[in-house]
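Trainee: End of the sequence shown = 890 in the numbering used here, gap-free, step of one.
The set of hints was computed from the structure by calculation and includes no laboratory data. Incorrect hints may appear among the rest.
To be verified - Straight-line alpha carbon distances no greater than 27 Å define the calculated DSSO-like cross-link-like pairs of lysine-lysine that follow:
#, residue 1, residue 2
1, K884, K442
2, K745, K827
3, K604, K585
Only a predicted model underlies this, so the values are computations on that prediction, with no experimental measurement involved.
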Amino acid sequence: MYKGEREILDILSKKGKMSYEDIAEKTGLHIDTVRRAAESLRENGCIIVSSEEISVASPTAELDGYARNGFPEFSVYEKARAGKSVGDLLPGEKSIGLKWAKERGLVGIEGGRLSARKSVEDAEAEKKKLLEEYRVLKASGVPKDKTVAEHFFQRRLLQAKTVKKYIAEPTGKRLAAKGDGFDLSVNSEDAQLGKNHPITKLSKRIGTIMAELGFEEMEGSIVESAFWNFDALFQPQDHPARELADTFYLEGKSELPGDRKLVERVKKAHEEGWKYKWSEEEARKTVLRTHTTALSARYLAAMKDKKPRKYFAIGRVFRNEATDYKHLAEFSQVEGIIAWEGATFRDLLGILKEVYRKLGFEKIRFRPSYFPYTEPSLEIEVYFEEKKQWMELGGAGIFRPEVSMPLAGVYPVLAWGLSLERPLMLMLDMKDIREFYRNDLNFLKSAKLKF
Numbered sequence: 440m441y442k443g444e445r446e447i448l449d450i451l452s453k454k455g456k457m458s459y460e461d462i463a464e465k466t467g468l469h470i471d472t473v474r475r476a477a478e479s480l481r482e483n484g485c486i487i488v489s490s491e492e493i494s495v496a497s498p499t500a501e502l503d504g505y506a507r508n509g510f511p512e513f514s515v516y517e518k519a520r521a522g523k524s525v526g527d528l529l530p531g532e533k534s535i536g537l538k539w540a541k542e543r544g545l546v547g548i549e550g551g552r553l554s555a556r557k558s559v560e561d562a563e564a565e566k567k568k569l570l571e572e573y574r575v576l577k578a579s580g581v582p583k584d585k586t587v588a589e590h591f592f593q594r595r596l597l598q599a600k601t602v603k604k605y606i607a608e609p610t611g612k613r614l615a616a617k618g619d620g621f622d623l624s625v626n627s628e629d630a631q632l633g634k635n636h637p638i639t640k641l642s643k644r645i646g647t648i649m650a651e652l653g654f655e656e657m658e659g660s661i662v663e664s665a666f667w668n669f670d671a672l673f674q675p676q677d678h679p680a681r682e683l684a685d686t687f688y689l690e691g692k693s694e695l696p697g698d699r700k701l702v703e704r705v706k707k708a709h710e711e712g713w714k715y716k717w718s719e720e721e722a723r724k725t726v727l728r729t730h731t732t733a734l735s736a737r738y739l740a741a742m743k744d745k746k747p748r749k750y751f752a753i754g755r756v757f758r759n760e761a762t763d764y765k766h767l768a769e770f771s772q773v774e775g776i777i778a779w780e781g782a783t784f785r786d787l788l789g790i791l792k793e794v795y796r797k798l799g800f801e802k803i804r805f806r807p808s809y810f811p812y813t814e815p816s817l818e819i820e821v822y823f824e825e826k827k828q829w830m831e832l833g834g835a836g837i838f839r840p841e842v843s844m845p846l847a848g849v850y851p852v853l854a855w856g857l858s859l860e861r862p863l864m865l866m867l868d869m870k871d872i873r874e875f876y877r878n879d880l881n882f883l884k885s886a887k888l889k890f
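Full structure from sequences and hints, please.
Mentor: Shown next, in the form of structure tokens:
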């Protein structure tokens, strides 16, 4: 007998036909519990289940982010109340919030300065109305306030989809009395339930965080040319990292970018910066990418204008080195860039702090460091309370002009590459990074994350 079977029969005997969602609301049972119990009742002939297709509205990840962190138009409104100008707005406020703040009559612009056009009470009432409708849509997908729902659709914050709605109807047959036919002294087997790998869970969590912060995801192949993996990042062709001892080289040559002017700009940066003769033959070598920063280089080169952009990637990278308790030849990296001429080093620190705070790390510090293609550069460390020690989790900085200018003509570009396995080791109190990939079912069953 499944949990909730008797509660479902009791409510159906009083109400007759009911949808699974209505049953969950009336009984307080979780919707998944209702589904399992209803299927058992159907098999036992206690209920009849029918279905119908209905159209529902589902909030996008962007709307989920606004519900958690605030709608940008109300941030603009608060700055208008503080007497700020358009130039004081953050990129997201300027590109999204300002438009909707004006359209909703929250603010006006006079000589570049913002002015509040509605009272605090009216603005709060509008905000409350948006959040109430969001909660209704999140729970049921059926709009309560059609005006607000249409506003969300206009902003592409909702996506319509067709789903099946299941209806349960009692047949009149009752369940046997509790305990009939059961021997409660018999030992039962452990249920072998499927479970996401911790790497997968953390990847999804980070992807959600980056989407909430307005980042777009980058994708690309693990097989890369030396041009994108090294040369585009201003890494000299005689750099030790390019040697066989550090990089996996593959057979065959890769094609250089079709944009000949781009190749010439990269060549010029190397020959003027490093004072050597740059070789196309070396740049055409094929490698397993040593970092996801190659994706950042490709996406920067693909930019058609200088509009602010934010990208992130989570991918596998490869290093030709011996494995031990804290090093792997293949591992995961979290990559991110912000291409915006108004970006500052403080913006970089703020983004990194926010990402790790959302992952549950409250104590974060930054230490000066050196990386070939960023200047200034830093290392990110978080404090592990149980061990009473700091642990380095990745590197970050501002792309050198020799990197971003040949690729996109933009400077500065904030950039970071963070480890995926290391924070997991802290969260799971692991001593050996190799445990992630030993296919130990006991480890997978016992690994518990807070998200």
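Trainee: Hints first: check each against the structure and report whether it holds.
Mentor: To see whether the hints hold, each was checked on the structure:
A hinted pair counts as satisfied when its Cα atoms are at most 27 Å apart, and K884 with K442 qualifies at roughly 23 Å. Pair hint K745 plus K827 does not hold up; C-alpha atoms about 44 Å apart against a cutoff of 27 Å. For the suggested pair K604 and K585, the alpha carbons sit about 21 Å apart, so the restraint of at most 27 Å is met.
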